[in-house]
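Asks: Residue numbers (the working numbering), protein chains in the order written: chain A, 18 to 330; chain B, 2 to 499.
Hints were generated in silico from the structure; no laboratory data involved.
The reader is advised that the hints may include incorrect statements.
As the list claims (entries may be wrong) - Okay, derived cross-link-like pairs now, BS3-like style, lysine-lysine, Cα gap no bigger than 25 Å in a straight line:
1. B:K435 with B:K450
2. B:K450 with A:K63
3. B:K275 with B:K373
4. B:K385 with A:K63
5. B:K210 with B:K275
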Amino acid sequence: MHYLAKKTLILFLTLLLVSLFTFVAFHIIPGDPARLILGTQATDEKLEMLRHQLGTDRPLSDQYLSWIGGFLKGDFGTSIRYSMPVKNLIGERLPVTLLLGLISLALILLISIPIGIFSARVKDTFLEQVISFFTMAGISTPGFFLSILFIWIFGLILRIFTPGQYVSYQTDLSGFLQFMFFPALAIAVPQIATLVKYIRASMLDELGRDYVRTAKGKGASLTSILYSHVFRNAVVSVIPLFGMIIGSIFSGSIIVEQVFGVPGIGRLLISSVTGRDFPLTQALVMYVATIIVITNFLVDILIQVIDPRIRLS
Amino acid sequence: MKKTLALILAVLFVLSLTGCKKKTAGSTGSGEFIYGLATEIDNFDPFVATTADAKSIYFNIYEGLTRVSPDGTFVPAVASEVTVSDDAKVYTFKLRDNVYFHNGNPVTMDDVLYSVQHAIDSALTGYGNIASYEATDSKTLVITLTNGSTDFIANASSAIVPKDSDNNGEHALAPVGTGPYAFSEYAVQDHVTLVKNDKYWGEPASLDKITIRFIASSSELLVNYQAGAINGFTANAGITEQVDKNASVINVGNSNAVQMLALNNSAAPFDNVKVRQAVSYAIDSDEIIDMVNYGYGVKIGSAMIPGLSAFFDDSLSSVYDVNLEKAKALLKEAGYPDGFSFTVKVPSVYQVHVDTAQVIVNQLAKVGITMKIQEVDWPTWLEKVYTNRDYEATIISVDGSIASPTAFLARYVSTAHNNFVNFNSADFDAVYAKAVAAVDQAERVQLFKEAQKVISDEAASVYIQDISNILVYTSAFTGFKDYPLYAVDFAAIARAAK
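So here's chain A without its partners, still in its complex pose (with noise of 0.2 Å):
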């Protein structure tokens, strides 16, 4: 309970200072929302009123101060660049984001647990080396490229789905699923790959203890051996890694959205960095960080639960 509550502060802590570096770095880089909105028409007349208009006139203590106070009650301010309040256009964004990372998570767990194990199972044969190439390939290939190439072959080429054309989950469910799959897929391979690489070596790490080999002297199948025991094993040591790949697919997210047109949380985000939108940006800064600090906390959890050996203190 100790751990927990001490856990719990920190998670907050985290959150308060995310936002506070936001913030202040938001206001050391060089930019005016007023004139970006004005444009190089702008004249010192019309600046200062729509500056008095957007409250980015007053003090920076004021504004911070103002915005933290809103938020903890619930209210994220309005978007400078789309003058909508915070919360409708993150509202609008959150599921179809939220979505992606989910068909992305399964694509993940889907692919990398079942190769992972049957690259540890055929260790030394060429079939090894085959999936030792493309998981290389795979880490090594950026999200935005693989983007690029996905809509090349499969939107361009094969036709499968209509680049640039998003579907809404709410009008076309399988026509936004046939859409995202593709995004979903370019967000997924690297972390496939780095995926499989883990399993396999904790799988053979596992698979050379004393334990498999007791097993095998009492005659059970590799089969049952692999899955009933050294997998449960190895899952272990991959679990922690959970924290660093949900992280991977919000970034991941952010450029693929970008590519593909999709309009998730991650375009909107470059647009509130570059529209330099602070209650966009910040609402957005700080969505991001929660997933991540909350997945971290849940995972530290769930390694104990599976592993009881296993005390953090």
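Please build the complex by placing chain B on the supplied structure of chain A, with the hints as guidance.
Replies: Chain B in isolation, oriented as in the chain A frame:
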């Protein structure tokens, strides 16, 4: 628990696979044109959003008392008649009958008076010059200027909106105007839809619906176009080589902006006119147009766009034709026999300017000048370079707020707030003041040409080109018109005859 999760994941996976059936691309309803735009329009308030792309779209939604026509002249719009006094101080507008807002209400004098006051309050260009305005009767508006200005006919093209329509900033997201298209729907970062205004007073639009889709980057535009997700877009020169020319129309017009290597006239060594001239002689605009724009550009020699043909002085384009000997001699006279080095800050959002910088690096190296390229993002450029003038050189295209020579030349007046090159010439200030005050058209043209010549003589900066605006659209459509300012006239677009 574990099984349920596995089941959900499996279902998701299968669903996403079975979804992969073949679908015909580019199904567009009849009478709809889908235009792709690589920048986002996020504010539709004509009194606030004055960026070129925003203006090009709300050109279709709003009209002023006057509006620009493709040949660059201003014609009456919400007004049916405009009379200008001989000294260009008193403008009399007669309101047109049967002009309706998109909300169905007729335009009244109250709306017009509100719009004029709103333009004054919003400090729109030219409105600071208004001494007084009054409605002499329900159809006649008289505007009196402090200083005579023939430009006000262009200024009067600012939007006429319903009375009290922006008391709480409603314009930004719910614009109401009198134009041929009405605002219908806006989805952030995705699209804006315009529908035909059936009660439009003039020639009605041909298509029922226009959708402007915001595409994340200019390279995605081509992909979207090839996939049929958009019917047309404004392209980079390089992209024209990649579109199917049999099924597309490539319309080349001017972008109506002056691309320049802006030199900070207050920063050494560019405070020396000889150095600026030397740089001008060393730079080969033709090579830039060929290498960066595949030949799609019009060479210029001063701060005026070719689109304003009456005022554009073409002879200035060849004043600084490449002459490396002269450049070296000038550098020697200026005290830099071995050249010098400087940094150019280029806004990274504009690939064309970044590419231009790379060509210029090599051109300047031939006379011993070392140019270092520093890419900065747009917000930084606006603040550091454009506003604070904290730079040595930069590359940018400067557009005009209205189709008038003043929109391009006013910034060279030594005290102008937007004189970001810090140009300071008493000769220019004098001739510009005379030109603005001139009412006689021939005299006005002559004086504005003289003003351009001063800029050229003093080599205020290096003027490169008006980069062509290349509009690519499927041959299923026709009717595109070019304007001497940023505008996409959707009302003129029609389905091509089969």
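Asks: State for each hint whether it applies.
Replies: Comparing the hints with the structure gives:
1. B:K435 with B:K450: Within the cut-off at roughly 12 Å; holds.
2. B:K450 with A:K63: 31 Å, violated
3. B:K275 with B:K373: 21 Å, holds
4. B:K385 with A:K63: 19 Å, holds
5. B:K210 with B:K275: 55 Å, violated
Comparing the model with each earlier hint shows violations of hints 2 and 5; every other hint is respected.
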